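In my numbering, the protein residues as written are 2 to 75.
Incorrect hints may have been included.
[As the list claims (entries may be wrong)] Capping the alpha-carbon separation at 25 Å, the derived lysine-lysine pairs in PhoX-like fashion look like this: (1) LYS45 - LYS23; (2) LYS3 - LYS63; (3) LYS23 - LYS53; (4) LYS3 - LYS23; (5) LYS45 - LYS63; (6) LYS3 - LYS45; (7) LYS23 - LYS63; (8) LYS11 - LYS63.
Keep in mind that the hints were calculated from the coordinates and are not lab data. Bear in mind the structure is a predicted one, so any value in this text is a computation, not a measurement.
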Amino acid sequence: MKDLINFLNKLEENRIYYRLNKIRESILVEIAVPGQRWEVEFMKDGDIVVEKFISNGIIYDKGEIEVLFRDYSD
2 MKDLINFLNK LEENRIYYRL NKIRESILVE IAVPGQRWEV EFMKDGDIVV EKFISNGIIY
62 DKGEIEVLFR DYSD
């Protein structure tokens, strides 16, 4: 818990936007920075894991929304 609180305090001190969520047995900190989205999970057992999603810089128009529904709907 101490690591999580320290991490959140540092994000706030540096004015980095984040959102909290609970998944499985962890607290997920979702961070949005220009061109990237980070997921930092603070696990019940004390482990911390980081996953980064980095943009390729391509900006799509509204037609791309159809790809979302076509490729990812049940």
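**Report entry** Which numbered hints fail
**Finding:** The structure breaks hints 2, 5, 7, 8; every other hint is satisfied.
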